[in-house]
Amino acid sequence: MPTPTVPKPGSEGLSASLKRNIEILRDRRDKEAASASREEKVANAITSFTGSMRFVYLHLVLYGSWILINLGLLPIIQPFDPSFVVLAMVASVEAIFLSTFVLISQNRTAKAQDKRADLDLQISLLAEHELTKLTEMVAALRDHLGIRTEVDDEIEETMNDVAPEAVLDALTTQGESASGNS
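According to the working numbering, the residues represented by the sequence shown are 1230 to 1411, in order.
Hints in this document: simulated from the structure, not taken from any laboratory. Hints should not be assumed to be uniformly reliable.
[To be verified] Subject to a maximum C-alpha distance of 20 Å in a straight line, what follows is the list of computed SDA-like cross-link-like pairs (lysine to any residue):
#1 LYS1270 / ARG1255
#2 LYS1270 / ARG1337
#3 LYS1270 / LYS1362
#4 LYS1270 / LYS1340
#5 LYS1260 / SER1334
#6 LYS1260 / ARG1345
#7 LYS1362 / LYS1344
#8 LYS1344 / GLU1405
[Unchecked claim] Label pairs and their computed distance ranges (CB to CB):
#9 ALA1262 / GLU1383: 30 to 38 Å
#10 ASP1372 / GLN1335: 49 to 57 Å
#11 GLU1365 / LYS1270: 26 to 34 Å
Positions of the beta carbon are idealized from the N, C-alpha and C atoms, including for glycine.
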């Protein structure tokens, strides 16, 4: 009985153009990471660490010890913050800085996502334009050979290039009317 899964494909199964694209994208990401400012690199490093389990374990040990000491449960050390006011202040200041570092990293990520979205849009528009031209060629062949199909009426519509500005205008108009109806 055949299994419902297949082994993961190796890189030897990838086409040369796909390998090239992967390499180009990897190089681009490496260059963008290298071009980050020192502040962005620090913010990313801090955000990376604070988003890890090591950070959680460190806080469990530090804050746990702080609490145990100040509750008097560890008699070898005298309580130094029995009201936990200092602990609350330290945690609050830490939260302020950590949220700032997270926002810095998110802003950088958003910029990279915007670039990728623009690239995706450009590639989609190019592919749409190329498909329109192919459709025109196929329609010309169909006409030359006198072939008729049930989708002939739809073919005429697909031979028109998409105007991205018209689509954006329509989406904006629909979005505004939808938000006005709520």
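For each hint, the structure was consulted:
no., hint, result
1, LYS1270 / ARG1255, "18 Å, holds"
2, LYS1270 / ARG1337, "10 Å, holds"
3, LYS1270 / LYS1362, "46 Å, violated"
4, LYS1270 / LYS1340, "15 Å, holds"
5, LYS1260 / SER1334, "17 Å, holds"
6, LYS1260 / ARG1345, "15 Å, holds"
7, LYS1362 / LYS1344, "27 Å, violated"
8, LYS1344 / GLU1405, "26 Å, violated"
9, ALA1262 / GLU1383: 30 to 38 Å, "46 Å, violated"
10, ASP1372 / GLN1335: 49 to 57 Å, "54 Å, holds"
11, GLU1365 / LYS1270: 26 to 34 Å, "50 Å, violated"
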